[in-house]
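Asks: Generate the whole structure from the sequences, applying the supplied hints.
Here the numbering used here is used: the first residue of the sequence shown is 58, the next is one more, and so on.
Just so you know, these hints were derived from the structure itself, not from any lab.
None of the values given here were measured: they were computed from a predicted structure.
Glycine included, every Cβ here is placed at the ideal spot set by N, Cα and C.
One thing to keep in mind: the hints can contain errors.
[Claimed, not checked] Simulated DEER-style distance windows between Cβ atoms:
1) Ala126 with Val63: 15 to 21 angstroms
2) Gly124 with Pro171: 33 to 39 angstroms
3) Arg158 with Gly75: 29 to 35 angstroms
4) Gly185 with Thr97: 28 to 34 angstroms
5) Arg152 with Thr98: 33 to 39 angstroms
6) Glu156 with Gly185: 17 to 23 angstroms
7) Asp84 with Cys166: 15 to 21 angstroms
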Amino acid sequence: MTERRVILSGSTFEEQIGYARAVVDGDRVHVSGTTGFDYTTMTISEDVVEQAEQCLRNIEAALAEAGCAFADVVRVRYLLPDRADFEPCWPVLRRRFGEVRPAATMMECGLADPRMKIEIEVDARRPGI
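Replies: Written out as structure tokens, the structure is:
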């Protein structure tokens, strides 16, 4: 039997919708689609690059709680309502993933709240497990 535990960020969405920020299942860590909300204040910037930076801070916190870091990410998915917003985010994304080179996909799609301009989801493997 593998270890399975959930990681909560404090986002009101987790309670309202019924999901966890991340699930640790043995050596795997699955981080839910994460938006640019600052979960302590439940505020979000209007700027897509600032949202991407906040997404990554939120993801970093979940990974750390799971015993991982960005270096352990094997898969990343970027979801954006407007594909034109993706390229301005590249420098921010490259700083976190440029050396790691996870498998990646970008999809253009609607998000749950019109203020959301980017959502990022990652999968990682816990080191040494």
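Asks: Does each hint hold? Answer for all of them.
Replies: Outcome of the hint check:
1. Against the hinted window of 15 to 21 angstroms, the Cβ-Cβ separation of Ala126 and Val63 comes to about 19 angstroms, which satisfies the hint.
2. Separation of Gly124 from Pro171 is about 35 angstroms and conforms to the stated range, judged on CB atoms against 33 to 39 angstroms.
3. The hinted window of 29 to 35 angstroms between Arg158 and Gly75 holds, with their beta carbons roughly 34 angstroms apart.
4. In this structure the hint that Gly185 and Thr97 lie 28 to 34 angstroms apart at CB holds, the actual value being about 31 angstroms.
5. Taking the beta carbon of each, Arg152 and Thr98 are about 24 angstroms apart, not inside 33 to 39 angstroms as hinted.
6. In this structure the hint that Glu156 and Gly185 lie 17 to 23 angstroms apart at CB holds, the actual value being about 20 angstroms.
7. Checked against the hint of 15 to 21 angstroms, the C-beta distance between Asp84 and Cys166 comes to roughly 30 angstroms, which is inconsistent with it.
Violation of the numbered hints given earlier is confined to hints 5, 7; the remaining hints are satisfied by the structure.
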